[in-house]
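**Q** The hints should help you fit chain U with the ligands onto chain X, whose structure is shown.
As given, the protein sequences belong to chains X and U, one line each in that order.
Residue numbering for the first sequence follows numbering that gives the first Met the number 0, starting at 0 and increasing by one per position.
Residue numbering for the second sequence follows numbering that gives the first Met the number 0, starting at 0 and increasing by one per position.
By construction, these hints were calculated from the structure, which means they are not laboratory data.
Virtual Cβ for every residue (Gly too), placed ideally from N, Cα, C.
Some clues are possibly wrong.
Rough simulated footprint, nothing fancy, chain X against chain U, three-plus residues with beta-carbon under 8 Å [what the hints assert, rightly or not]:
1) 86-92
2) 101-115
3) 120-128
4) 148-161
5) 165-178
6) 283-295
7) 303-314
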Amino acid sequence: MADERKLAYVMAFNEAVKQQMEADPNVFCAGEDIGAFGGVFGTFGGLQAKFGADRVVDTPISEQAIVGLGVGAAVTGLRPIVDLMFMDFICVALDQIVNQAAKLKYMFGGDAVLPLTITTAGGGGLSAAAQHSQSLEALLCHIPGLKVVMPSNPYDMKGLMTACIQENNPTVMIKHKRLLGMTGHVPEESYSIPLGKGNILRPGKDVTIVAYARMANEALIAADELAKDGIDCEIIDPRTLQPLDTDLIVSSVKKTNHAVVVHEAVRFGGLGGEIASQIQELAFDYLDAPVTRIGAPFSPVPFSPALEQHYIPDSKTIVQGIRDVMARV
Amino acid sequence: MDLPVHVQLDLHRRMVRIRLFEEAAGRLAESNRLPGFLHLYVGEEAVAAGVCGALNDDDHITSTHRGHGHLVAKGGDFNRMMAELMGKATGYCKGKGGSMHISDTSLGMLGANGIVGAGSPIAVGAAFANRYRGRGQVAVAFFGDGSTNIGAFHEAANMACALHLPIVFACENNEYGEFTPRDKTMAITDIVDRAAGYGMPGVIVDGMDVIAVHEAAVEAVERARTGGGPSLIEAKTYRFYNHHGVQNLGLKYRSDDEVAMWKQRDPIFTLEDRMIENKAATRDQFDAIWAELRAGIEAAIAFADESPYPTPDQIMVGVYTSMSGAN
Ligand SMILES: Cc1ncc(C[n+]2csc(CCOP(=O)(O)OP(=O)(O)O)c2C)c(N)n1
Ligand SMILES: [Mg+2]
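Isolated chain X, as found in the complex (with noise of 0.2 Å):
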């Protein structure tokens, strides 16, 4: 379609906060050089114009209390959006996060509604090193509480970002800071992706990759080369990673009897592990091979670009893993 409405994964993101602020007066943002300098990537570029230093609040430096000013307001009848612009610097907030945002309701009784959107951005790439560059999803992942969603494309960006701000749980949306200038098509209108369903990015019958965020789109680069060798690979991306759309892998799986699993962060621990545990759970009898993690080393994120290539799968890590795993059979 050549008339199709294009828009970057970054103005996915701003086009979702700004409708559903159009939307709803009690939505807000609050966040480091957000308001006047409109983000550091961007994403809040024209909304402290639009709507004022009031619902588009520059924070001093303070994570704890960014996340905290969120999950209060939240807690007393408003629907922020706090902004921790590279994910590495959760960490500072995790008290407010993990203690906080994700318990408050379940210890109060299952009373307290706590509609807050945290958002961030992840991933390496950029030679941004150690501590502006970690995936730390897994981490998120495991608390109880909390709703982690990591969109792919443009298109979902804005589904998914649209859900999470009317979503009445904290959810946690993770941009990631290379496929910020990644464009393709977005309808104008406000449309939702509903939380903890995945998308068959791509449909194939011999092998299963379950890949998410920029993984995603180098599993897609995979494919087309498998594809010439005769591999016809499925890719799931699951997009929220919490809740896991766990059926869609599985049936998936139960197909194509080969599961890859892909992501960004380190392999140990990761979200591969509990996807390819979920797996061998529900798919056991289907599968002809062992379901194979790609991730990164055991390691931090290293500087040097000729460290960091290496330390990041990519198409090429994808195309191997998925040869190996085809050839065990």
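**A** For chain U with the ligands alone, kept in the frame of chain X given last:
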């Protein structure tokens, strides 16, 4: 102007070394020869130079994302710094850290830091260890105005005072945190106001005047060394370039006039003018110093250029002291 001429020349040399290193790094970044983020220290040289000039080699400092100046002022080696910025195996961190994590523990420089505020608690730990060992060393935490909005700073300041540790909190107040002016993120004008809340003395100094910074630092370091506990120094200063990168004019969050006003107060030229006026040094002498140090920078760039990149087998090296148990 009581400072001996050789001390003034030492402070000058530290500042020129920083300036030359940073300008060179800026030029390399502009031609895309440096990967990653680059936070330049140009304009703030008097703070690192004035404070580090008051320290012994075995004293400790913690730094920030804007950390090259601190390492240079503590005696950092141009070759290894430049190589690190380029991500080479011969760099200070073997290419693993880059600009934001540059460090030299043998010089007591405990690392630039990518996490705002994170250095101050670490300086408290170094100060604790220094007193514990009883060798009379002190620790200095360098930090920005913006970082005093984060809990880590407050916890560090309070603990240092509660434990009466040998530490100096050295604030570079350049009036901005990234792209947001200080007055939007705190209701006080002077960071030094925070000192009283923890029970330590604090002074404001002109951060463009290296002599003023140095004199305040000597007093605070002496206090720390002799068991007088923590102090806070607020240096009013300015970064000539953007938060990161090399743009200096046409920025939407600050005016070109403001930049020009501060550049008139350039800490290096101010000192040179004053020393020449006081007949403490001559223009020729300064020209020779610049030329000598510039040659060192050119050599460092060549060294870094010729150095190899780390090989992929180095990725897993240095995560732990031994490799066993790594996955
Ligand atoms: C915990 C944390 N929050 C946010 C950032 C992003 N950040 C990097 S530098 C900076 C501004 C720091 O301001 P200041 O302390 O005044 O130092 P300056 O850059 O002015 O030297 C911010 C917000 C970060 N690195 N770490
Ligand atoms: Mg500042």
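**Q** None of the hints should be skipped; say for each whether it holds.
**A** Evaluated hints:
Here the stretch 86-92 of chain U counts 3 residues with a CB under 8 Å from a CB of chain X, which clears the bar of 3, and the coverage holds. For the stretch 101-115 of chain U, the proposed coverage by chain X is satisfied: 4 residues have a C-beta within less than 8 Å of a C-beta in that chain, meeting the threshold of three. Coverage of the stretch 120-128 of chain U by chain X is violated in this model, with 0 residues showing a Cβ closer than 8 Å to a Cβ of that chain against a need of three. Judged by the Cβ-Cβ criterion of 8 Å, the stretch 148-161 of chain U is covered by chain X as claimed, because 4 of its residues qualify and three suffice.
For a cut-off of 8 Å, the count of residues in the stretch 165-178 of chain U with a CB near a CB of chain X stands at 3, and the three-residue condition holds. Judged by the Cβ-Cβ criterion of 8 Å, the stretch 283-295 of chain U is not covered by chain X as claimed, because only 0 of its residues qualify and three are needed. Under the rule that three or more residues need a Cβ within less than 8 Å of chain X, the assignment of the stretch 303-314 of chain U holds, with 6 such residues.
Figure legend: structure checked against the earlier numbered hints; hints not met, in rising order: 3 and 6.
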